[in-house]
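Colleague: The lines below spell out each chain.
2 protein chains.
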Amino acid sequence: MIRTVSFIGSGNVATHLAKALQSHCKIKQIWSREFTNAEVLANTVNAEPIHQINHFKEVDLILICVPDHAIESIVDQLISATSIIAHTSGASGLDFSQERMACFYPLQTFKKEQNLDMSNCPFFVIAKNEDDQETLLELANKLTNNAKVITKEQKLKLHLAAVFVNNYVNHLFGLTEEFLSNNQLNFLDLAPIIATTIQRALNEKPFDIQTGPAIRRDEKTIETHLSLLNENKEMKEVYEFLARSIQKKHHNEE
Amino acid sequence: MIRTVSFIGSGNVATHLAKALQSHCKIKQIWSREFTNAEVLANTVNAEPIHQINHFKEVDLILICVPDHAIESIVDQLISATSIIAHTSGASGLDFSQERMACFYPLQTFKKEQNLDMSNCPFFVIAKNEDDQETLLELANKLTNNAKVITKEQKLKLHLAAVFVNNYVNHLFGLTEEFLSNNQLNFLDLAPIIATTIQRALNEKPFDIQTGPAIRRDEKTIETHLSLLNENKEMKEVYEFLARSIQKKHHNEE
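Line by line, the protein sequences give chains A and B. Each residue of the first sequence is one higher than the one before, starting from 272 at the first, in my numbering. Each residue of the second sequence is one higher than the one before, starting from 272 at the first, in my numbering.
FYI, nobody ran anything at the bench for these hints, they're computed from the structure. Hints should not be assumed to be uniformly reliable.
The list treats identical chains as interchangeable, and a pair is accepted whether it falls inside one copy or across any two copies.
[Claimed, not checked] With a cut-off of at most 35 Å between alpha-carbon atoms, the simulated DSBU-like pairs for lysine-lysine come out as follows: (1) Lys-520 to Lys-297; (2) Lys-504 to Lys-297; (3) Lys-519 to Lys-383; (4) Lys-519 to Lys-297; (5) Lys-290 to Lys-504; (6) Lys-519 to Lys-328; (7) Lys-328 to Lys-507; (8) Lys-491 to Lys-504; (9) Lys-476 to Lys-423; (10) Lys-476 to Lys-382; (11) Lys-297 to Lys-383; (12) Lys-423 to Lys-382; (13) Lys-504 to Lys-328; (14) Lys-399 to Lys-507.
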């Protein structure tokens, strides 16, 4: 059972996890590249900010919430630790020097300032050591009703899926918002159709409910839309590429 | 003021509009290519189903809710009508033979079986005749708190925007759902991150909150993701195309 946790990192993920975990265990220490950031989070969760990464006291779990590229050097500095050491990255595996290495991956996008209901956030757990895996699963089950042990390959696939539904959907929203705003139109007028689109895609199979000019091969409307995008090269290329992708998928066109 | 309305079409749009309008005006007659479909909707809204399109009684408004390609031949058959004749299409203009031609465009995706709160659905109104435009705007204001008169060009741009946030977002969901399901993973585990993605994109400028491997030029993660898609040519092409599109947009790359 995890009774004590320390954090490396004080950003969006660390902040949300520390706040959620503090009702279930003691948050001991926080280290961050910027001491003042460690202080802010430490004040919030009644923990101690520390200046040096090798000054950690003994705890049951050290959570590493830093950008992917920084994980390895952090882990290498924790060489004397005896705790479970878990990162929270979707893309990284367990190929690090620590024996009790693990991953505690929340499938969500976090922002410090935005409150979030953690109780339905999916948590995926992987650990080198089977006991640690059980212990982390037990901890995740305190935070959420959706915790699972998965393999490294499954986690990579979920992370890839998150790129599509978060990064890529947001990019389509960005292109659309910029286009409307350049034309004195209001992106928020799309809020109701966006809500319905999501609701239906989650209730049915998205490919079964595909609509629009591309799937019905309405080349006249496609041409009209493309001509509206003559001033907007990037969006025009995305429009045409995705129209053809829909046709390939649904009409087996090459 | 619109007191009486008849419908041409009995599909998703006609059904939702007829149900919403019946508290504000009398739905008189319904014509549909399939008489039995006209009967079903007529029963729902206490109207009369008719067999022949030229059997319409005089009403204040005839609403044409049929696929875009069918509008023209329908309008040509209404040659003796004196009502306002409005279609509900995002892509079609007013270049039809009727003098009192108009468009009454709800920016939403409708499905008969799914209840929908019409009160926040954006309605866009255009008419050849200015009085008719005012009359239709007044009608729209009874259904929703978001009704506007716009130009034909603005409507086309909004329709194009809807293709991105509905058709294209749904296509990305479809690719993702199929990929996860082929890998025994659950698309519904993405529901929380999808909800947060939408919420943030509507509260902030989507381009300001873009995250992910593409924008931070994390080529290692991009390569790992692409290698997971070796069995899935279409999704792999979409992944790579959108990663490059994000980089072009945010890093001015060509």
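Colleague: Confirm or reject each hint.
Modeller: A quick look at each hint next to the structure:
no. : hint               : result
1   : Lys-520 to Lys-297 : neither (51 Å within a copy, 44 Å between copies)
2   : Lys-504 to Lys-297 : neither (53 Å within a copy, 48 Å between copies)
3   : Lys-519 to Lys-383 : between (41 Å within a copy, 28 Å between copies)
4   : Lys-519 to Lys-297 : neither (54 Å within a copy, 45 Å between copies)
5   : Lys-290 to Lys-504 : neither (44 Å within a copy, 42 Å between copies)
6   : Lys-519 to Lys-328 : neither (57 Å within a copy, 46 Å between copies)
7   : Lys-328 to Lys-507 : neither (56 Å within a copy, 46 Å between copies)
8   : Lys-491 to Lys-504 : both (20 Å within a copy, 28 Å between copies)
9   : Lys-476 to Lys-423 : both (26 Å within a copy, 34 Å between copies)
10  : Lys-476 to Lys-382 : both (30 Å within a copy, 15 Å between copies)
11  : Lys-297 to Lys-383 : within (20 Å within a copy, 52 Å between copies)
12  : Lys-423 to Lys-382 : within (25 Å within a copy, 40 Å between copies)
13  : Lys-504 to Lys-328 : neither (56 Å within a copy, 50 Å between copies)
14  : Lys-399 to Lys-507 : between (47 Å within a copy, 31 Å between copies)
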